[in-house]
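Chains as they are written, first to last, in our numbering: chain A, 1 to 201; chain B, 1 to 250.
A portion of the hints provided could be inaccurate.
[Unchecked claim] To give an idea of the chain A side of the interface with chain B (calculated C-beta under 8 Å), a few residues:
no.	residue
1	G21
2	M44
3	K129
4	I189
[Unchecked claim] Here are the simulated EDC-like pairs of lysine to aspartate or glutamate, each with C-alpha atoms no more than 16 Å apart in a straight line:
no.	chain 1	residue 1	chain 2	residue 2
5	A	K38	B	D19
6	B	K80	A	E148
7	A	K68	B	D7
8	A	K68	B	E6
9	A	K68	B	D5
10	A	K37	B	E20
11	A	K73	B	D5
12	B	K80	A	D107
13	A	K38	B	E20
14	A	K35	B	D92
15	B	K135	B	D77
The set of hints was computed from the structure by calculation and includes no laboratory data. As the structure is a prediction and not an experimental result, all values here were calculated from the model. All C-beta atoms in this analysis are idealised placements derived from N, C-alpha and C, irrespective of residue type, glycine included.
Below are the chains, spelled out letter by letter.
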Amino acid sequence: MALINPKKKEVQVKIVYYGPGRGGKTTNLEYINQKFKKRIQNEMVTVKTYGDRTLFFDFLPFDIGEIKGHSIKVQLYTVPGQVKYNATRRLVLRGVDGLVFVADSMDLRREMNIRSLQNLKENLETFNKNIFNIPLIMQYNKRDLEEEGIPILSLDTLQKDLNARLKAPYFPASAVKGDNVAATMKKIIAVTVTSLRKKLE
Amino acid sequence: MGSKDEDADLNAEVSSRLDELFGDEESDSSSISEAPQAPASDASAADQAAIDYTPSTPDQPDQPDQPDHPEAPSPVDALKALVFSIDWEITDVTMKEFLKEVKRLKTKYADDRISLMFLKLHESLGKYIKARKVKAHPDALKLLTSIYQQFEKTFLSPELSDAEKKKMVSKEVKKYKRFQQQVLATEKASKTRGAVSGPAASEAGREPAQPSAAMSQESREMADYILDELKQTIKSEFKALRQLLKSGDA
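So here's chain A without its partners, still in its complex pose (with noise of 0.2 Å):
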């Protein structure tokens, strides 16, 4: 639930990154810690294993001006993504406005895209809340493992396993080329902004 303060005109706005384990939810992230550092001006805070592997979360604010009369703040979040985890994704996910599923192309993890996205479903259940009634991006990351030669699922089977039914917009993206990592970004804080529309009148 969106944080809104009426006094301050300010509005803060929660997206999660979503996905399974190594997927590049904090690719992600810190692609656009670093591109846009100037612009973003925050510091993104990571907690990680020892291993690299992101063990709570990570954590990226920033402003982005104001939109009718409302200061608003976006804050992006990662899960980590590896099944033991479950708890730290639902605390995270607890007050979410927007969605980025980052599904990860490679052939090897068709299920554990599947199983990360039916966790989701059942974590937001846990706070009441409906998958296909949250903004939600797809991301079809690792598409550049095509060049290496490594098997990816195509765009159509990873629509079909994931997307059939949600039909959310979605970008085949590669994070660690930074393709499409903002496009990403850029849509679900405008489609979160926009569902918030009417508190924000």
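Given the structure of chain A, go ahead and fit chain B onto it with the hints provided.
For chain B alone, coordinates are given in the frame of chain A:
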């Protein structure tokens, strides 16, 4: 309809602001494909049903849509994919596939001593990682990647002489032997610590190895950090709620 227009206006305003802030700097060369879908909130009642995520034709290998590889696939592509996969996450399925692929390659290259040696290294390390999983020595994955990379070079570099290939495999064998010694030393040290700390540790059935001690300290620090973040989040949410209540918008 009026609200849809207003939504569209707001969307346009936000998008324009975001473009100013974050520009159009990234390449759109990899086709940005937006499904021209209705917003999620407009989902019909049928879509509200539980999501059935059974993958389409799971038994059928997915035919890649990219037939335009300029070069023929390398015989070790599957192994490469599996090594990447292990590096990302160690699962029973991946390890099983990995050892299966190594076995297949061993049969295929049974007459090639150098390849066979590389593959035996893959197999030994693979079995170790499969048995130990997350408790595997942290250098195991680095070593596996290194062995694979050298092995791949012997395939992709026809200009390499047999002598050079032998040198490459010897180097990896030495690394593997050093790694074995490291693992043995670590396990010996942890057993000694277990004996010194007495029955409590053995009752717990844990191996108080060095990496675990380091992890628990890290975990403690992270737990403290998380608690602080939680406190701040809770405080700010309560603050906002109080303000809402005061303003009468609850």
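Verification of the supplied hints:
Satisfaction of the interface hint for G21 (chain A) is found here, the shortest Cβ-Cβ separation to chain B being roughly 5 Å, below the 8 Å cut-off. A hinted interface residue such as M44 (chain A) counts as satisfied when its beta carbon comes closer than 8 Å to some beta carbon of chain B; here the least separation is about 14 Å, so the hint is violated. Here the hint on K129 (chain A) is broken, as its CB sits about 11 Å from the closest CB of chain B, past 8 Å. The criterion of a C-beta within 8 Å of any C-beta in chain B is met by I189 (chain A), whose closest approach is roughly 6 Å, and the hint holds.
Distance check on the hinted pair: K38 (chain A) and D19 (chain B) sit about 15 Å apart at the alpha-carbon level, within 16 Å; holds. With a C-alpha separation of about 10 Å, the suggested pairing of K80 (chain B) with E148 (chain A) holds against the 16 Å cut-off. For a cut-off of 16 Å, the pair hint linking K68 (chain A) to D7 (chain B) stands: about 12 Å separates their Cα positions. In summary, the hint linking K68 (chain A) to E6 (chain B) is supported, as the alpha carbons are separated by about 11 Å, within the 16 Å threshold.
Taken as a hint, the K68 (chain A) and D5 (chain B) pair is honoured in the structure, with Cα atoms around 15 Å apart against an allowance of 16 Å. Distance hint between K37 (chain A) and E20 (chain B) is fulfilled; the C-alpha atoms sit about 15 Å from each other, no more than 16 Å. In summary, the hint linking K73 (chain A) to D5 (chain B) is not supported, as the alpha carbons are separated by about 24 Å, beyond the 16 Å threshold. Distance check on the hinted pair: K80 (chain B) and D107 (chain A) sit about 13 Å apart at the alpha-carbon level, within 16 Å; holds.
For the given pair, K38 (chain A) sits about 13 Å from E20 (chain B) by alpha-carbon distance, which is consistent with the 16 Å threshold. At most 16 Å may separate the alpha-carbon atoms for a hinted pair to count; K35 (chain A) and D92 (chain B) exceed this at roughly 38 Å. The straight-line distance between the Cα atoms of K135 (chain B) and D77 (chain B) is roughly 27 Å, outside the 16 Å bound, and the hint therefore fails.
Checked against the numbered hints given earlier, this structure breaks hints 2, 3, 11, 14 and 15; the rest are met.
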